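Number of protein chains: 2
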Amino acid sequence: MRYVRNITDVGHLEHDADEGEDKVAKKARLEQLEPMEIVQRYLNNYHRDMEALGVLSPSIEPHASGHIIEQIEYIKKILDAGFAYESCGSVYFDVEKYNKEHHYGKLSGRNIEDLISKTRTLDGQDEKRNPLDFALWKKAAPEHIMHWPSPWSEGFPGWHLECSVMGMKYLGETFDIHGGGMDLKFPHHECEIAQSVAALGHEAVKLWMHNNMITINGKKMGKSYGNFITLEQFFSGDHPALEKAYDPMVIRFFVLQAHYRSTVDFSNAALQGAEKALEKMTETYKRLQHLAAAEKQSVELPDFMTRAYEAMDDDLNTPQVIAVLFEAAKYVNEAADGKIALTAEQLSSLRLLFDVFLVQLLGIRMAETGGDEKATKALGGAMDLLLQIRAKAKAEKDWATSDLIRDELSRLGFSIKDTKNGAEWSIK
Amino acid sequence: MRYVRNITDVGHLEHDADEGEDKVAKKARLEQLEPMEIVQRYLNNYHRDMEALGVLSPSIEPHASGHIIEQIEYIKKILDAGFAYESCGSVYFDVEKYNKEHHYGKLSGRNIEDLISKTRTLDGQDEKRNPLDFALWKKAAPEHIMHWPSPWSEGFPGWHLECSVMGMKYLGETFDIHGGGMDLKFPHHECEIAQSVAALGHEAVKLWMHNNMITINGKKMGKSYGNFITLEQFFSGDHPALEKAYDPMVIRFFVLQAHYRSTVDFSNAALQGAEKALEKMTETYKRLQHLAAAEKQSVELPDFMTRAYEAMDDDLNTPQVIAVLFEAAKYVNEAADGKIALTAEQLSSLRLLFDVFLVQLLGIRMAETGGDEKATKALGGAMDLLLQIRAKAKAEKDWATSDLIRDELSRLGFSIKDTKNGAEWSIK
Numbered sequence: 180m181r182y183v184r185n186i187t188d189v190g191h192l193e194h195d196a197d198e199g200e201d202k203v204a205k206k207a208r209l210e211q212l213e214p215m216e217i218v219q220r221y222l223n224n225y226h227r228d229m230e231a232l233g234v235l236s237p238s239i240e241p242h243a244s245g246h247i248i249e250q251i252e253y254i255k256k257i258l259d260a261g262f263a264y265e266s267c268g269s270v271y272f273d274v275e276k277y278n279k280e281h282h283y284g285k286l287s288g289r290n291i292e293d294l295i296s297k298t299r300t301l302d303g304q305d306e307k308r309n310p311l312d313f314a315l316w317k318k319a320a321p322e323h324i325m326h327w328p329s330p331w332s333e334g335f336p337g338w339h340l341e342c343s344v345m346g347m348k349y350l351g352e353t354f355d356i357h358g359g360g361m362d363l364k365f366p367h368h369e370c371e372i373a374q375s376v377a378a379l380g381h382e383a384v385k386l387w388m389h390n391n392m393i394t395i396n397g398k399k400m401g402k403s404y405g406n407f408i409t410l411e412q413f414f415s416g417d418h419p420a421l422e423k424a425y426d427p428m429v430i431r432f433f434v435l436q437a438h439y440r441s442t443v444d445f446s447n448a449a450l451q452g453a454e455k456a457l458e459k460m461t462e463t464y465k466r467l468q469h470l471a472a473a474e475k476q477s478v479e480l481p482d483f484m485t486r487a488y489e490a491m492d493d494d495l496n497t498p499q500v501i502a503v504l505f506e507a508a509k510y511v512n513e514a515a516d517g518k519i520a521l522t523a524e525q526l527s528s529l530r531l532l533f534d535v536f537l538v539q540l541l542g543i544r545m546a547e548t549g550g551d552e553k554a555t556k557a558l559g560g561a562m563d564l565l566l567q568i569r570a571k572a573k574a575e576k577d578w579a580t581s582d583l584i585r586d587e588l589s590r591l592g593f594s595i596k597d598t599k600n601g602a603e604w605s606i607k
Numbered sequence: 180m181r182y183v184r185n186i187t188d189v190g191h192l193e194h195d196a197d198e199g200e201d202k203v204a205k206k207a208r209l210e211q212l213e214p215m216e217i218v219q220r221y222l223n224n225y226h227r228d229m230e231a232l233g234v235l236s237p238s239i240e241p242h243a244s245g246h247i248i249e250q251i252e253y254i255k256k257i258l259d260a261g262f263a264y265e266s267c268g269s270v271y272f273d274v275e276k277y278n279k280e281h282h283y284g285k286l287s288g289r290n291i292e293d294l295i296s297k298t299r300t301l302d303g304q305d306e307k308r309n310p311l312d313f314a315l316w317k318k319a320a321p322e323h324i325m326h327w328p329s330p331w332s333e334g335f336p337g338w339h340l341e342c343s344v345m346g347m348k349y350l351g352e353t354f355d356i357h358g359g360g361m362d363l364k365f366p367h368h369e370c371e372i373a374q375s376v377a378a379l380g381h382e383a384v385k386l387w388m389h390n391n392m393i394t395i396n397g398k399k400m401g402k403s404y405g406n407f408i409t410l411e412q413f414f415s416g417d418h419p420a421l422e423k424a425y426d427p428m429v430i431r432f433f434v435l436q437a438h439y440r441s442t443v444d445f446s447n448a449a450l451q452g453a454e455k456a457l458e459k460m461t462e463t464y465k466r467l468q469h470l471a472a473a474e475k476q477s478v479e480l481p482d483f484m485t486r487a488y489e490a491m492d493d494d495l496n497t498p499q500v501i502a503v504l505f506e507a508a509k510y511v512n513e514a515a516d517g518k519i520a521l522t523a524e525q526l527s528s529l530r531l532l533f534d535v536f537l538v539q540l541l542g543i544r545m546a547e548t549g550g551d552e553k554a555t556k557a558l559g560g561a562m563d564l565l566l567q568i569r570a571k572a573k574a575e576k577d578w579a580t581s582d583l584i585r586d587e588l589s590r591l592g593f594s595i596k597d598t599k600n601g602a603e604w605s606i607k
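Taken in order, these protein sequences are the chains called A and B.
Start counting the first sequence at 180; every next residue gets the next number (my numbering).
Start counting the second sequence at 180; every next residue gets the next number (my numbering).
These are calculated hints, taken from the structure and not from any lab test.
Honestly, I wouldn't trust all of these hints.
Stated by the list, open to error - Keeping only pairs whose Cα atoms sit at most 27 Å apart, straight-line, the calculated BS3-like set for lysine-lysine is:
no.: 1; chain 1: A; residue 1: Lys573; chain 2: B; residue 2: Lys573
no.: 2; chain 1: A; residue 1: Lys256; chain 2: B; residue 2: Lys318
no.: 3; chain 1: B; residue 1: Lys348; chain 2: A; residue 2: Lys205
no.: 4; chain 1: A; residue 1: Lys475; chain 2: A; residue 2: Lys465
no.: 5; chain 1: A; residue 1: Lys348; chain 2: B; residue 2: Lys205
Nothing here was measured: the structure is a model prediction, and the numbers come from that model.
Can you build the whole structure from these sequences, using the hints too?
Right, dumping it as structure tokens:
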């Protein structure tokens, strides 16, 4: 499996149309930094946040600015195929001509007549034969910081081009899956399809997968709405709209509770709900590890494993997988509370279920696995000792000591639970 | 301050001469991977290791393969200046001609006659006018995976070129400091100087700084010597030559104990020495935080701050800085042991010294600051409670409980020290 995630460090203009300033260049101008300094900073933060969320890193992470030659070569192919034209040093894709032979808009179910009727006039549009045409190469205005030599002008590639070009370079002329947010379906992905068909004579992507947008308290999130919250702010709680900090695993669990094709609404209530659910899940996972097996079972277990796999096979239905895990959790906790008896075989099938689906597949880090293991291990030992002393004190009716331990621990944020198998502890 | 660290993902040939296979391409061929997949994997590991070591990330991290156009433009400048020539689709720098007007070898104190007498014949050298000439552009052999179009051939840039080109692009025609290992002084940095002078008419670098090499048990480290140990292996201890795992901060502290211009010999004994020294330093730092101030001082403190700054001003003499910190540590520990009395003013000057030089400048993370803070905090609370119970038990002559706590804690790897200010603990 090869996973390519490209970094758009050039060519993404403000209006997602072919006009306006380059987004990176603008930020660089405002902050008086070298454009690539901006890119590096955002890229570092992005990597840091993705790692916190446990998102696997891609096999290759190519930069658009690092593939100018490849983009120029690709533009030549489209020109040779007759689906593009040069105009005032820029090169535009001829959508109308393309649409005569192919369907521009097939992915988003649009058709060109409706599109034309909707398009408003943009400045500099006169360069184009048709308002729907999009730039493959833009001649750089004098104040434009980032530009490269090309057969047509000192300029930069259009932002739809990089994906087709780097996709072909690193995944081949045809590849399996192309992901992206729903907001990129049109025009970005339509333009990618048109570029591939024009340059290669066939589509490059076998399957398009689009995740839905998130909303904040019911409103679309966006700088313009003033309700923009970064992952870093979610992790630190440092944002007026946030009641508290949310652990990256809580965010991850919360997102997986919704299907990737449905919208997710971020609200403090919803996040704290996910937090509680994850705590319950983690608690159950820990209890499952230390659960002792019974000689003979008192109940049959449903075939959770098959049901979880079926849920994933159903277009990655992660909410369904989580529902299965919670149903399985009931059995674990009843066994831990001595209400039912599970055999070694049943326990190991439950452990496999949680390890495969919760840890490996949903990628939820269990508290034990992450963090400073030295301190975590030491803490485990110290807590066992404290609870042992508390048990001893209770047995000897030394209430002063046992109360001291109980009160101090709860003051420190531990919660202690007495079960028939002894006391269990966790950090609130 | 802008810090640029470039990634050589193309053009670095096996023999550091102009022949042999591209290092990245070779690994890709052997592992049947896309070259950039290799680069990404090594880059991810590199970033992970640098972060573990607390090395600050650069402002910009440009890739050689992402600047082919810029390198082609730079080669044109050198050709126009008459210091390079095309030969069989490759372009070579004319060292002999350059040396008539400038001194090739000035940085490493070599002169061209000695160099010529030393050079052995390489295959394909016939393309060159002189064995010392180095490639600016190499025509790609048919089996070569990575190649780009150029005015001279489908090929790739020579590996000396990228640094001059990306340095100029991101730091300007003249910049302050160029770092690197001593092994790069010749020929790499000599060639960089020649390229800048040829293309720009002046040198680009004001100050060259070269760090010395490390050795393993007295031997030069290298794949060929079979004594190659990666940082990851040092951190995990997973290497036959390593007696144990070494914390990244131990490695960092160990390296800083030597001056950057002297060699560092990695041996288990030396690393374990550094480990002990760092533990002592960390211990001292912790005690300093909780030290109570005396009404009046019993001793004068030397002006450690000035001496530490003077050491850094002396070509980054970090071993001297560490010596100053250890001298200061003596005072901290004597105060903690009640042997001397320090005023609040003296304590805050000591705290400032350790924070500025140990933490901020040498970048040594103190145990408290790193790791899973939740577990670390909770552990602190639990240990305080345990030691409180132990003190109580002792007072009540409940030796059973006090012994249980002492024995269990040492079994868990804690070391407990009774001081006149109460018991101190640490994890072994």
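Hints, verified against the model:
Annotation: proposed proximity of Lys573 (chain A) to Lys573 (chain B) holds, straight-line Cα distance about 19 Å (limit 27 Å). For the given pair, Lys256 (chain A) sits about 24 Å from Lys318 (chain B) by alpha-carbon distance, which is consistent with the 27 Å threshold. With a C-alpha separation of about 18 Å, the suggested pair Lys348 (chain B) and Lys205 (chain A) falls inside the 27 Å cut-off, and the hint holds. Restraint check for Lys475 (chain A) and Lys465 (chain A): satisfied, since their Cα atoms lie roughly 23 Å apart, inside the 27 Å limit.
The straight-line distance between the Cα atoms of Lys348 (chain A) and Lys205 (chain B) is roughly 18 Å, inside the 27 Å bound, and the hint therefore holds.
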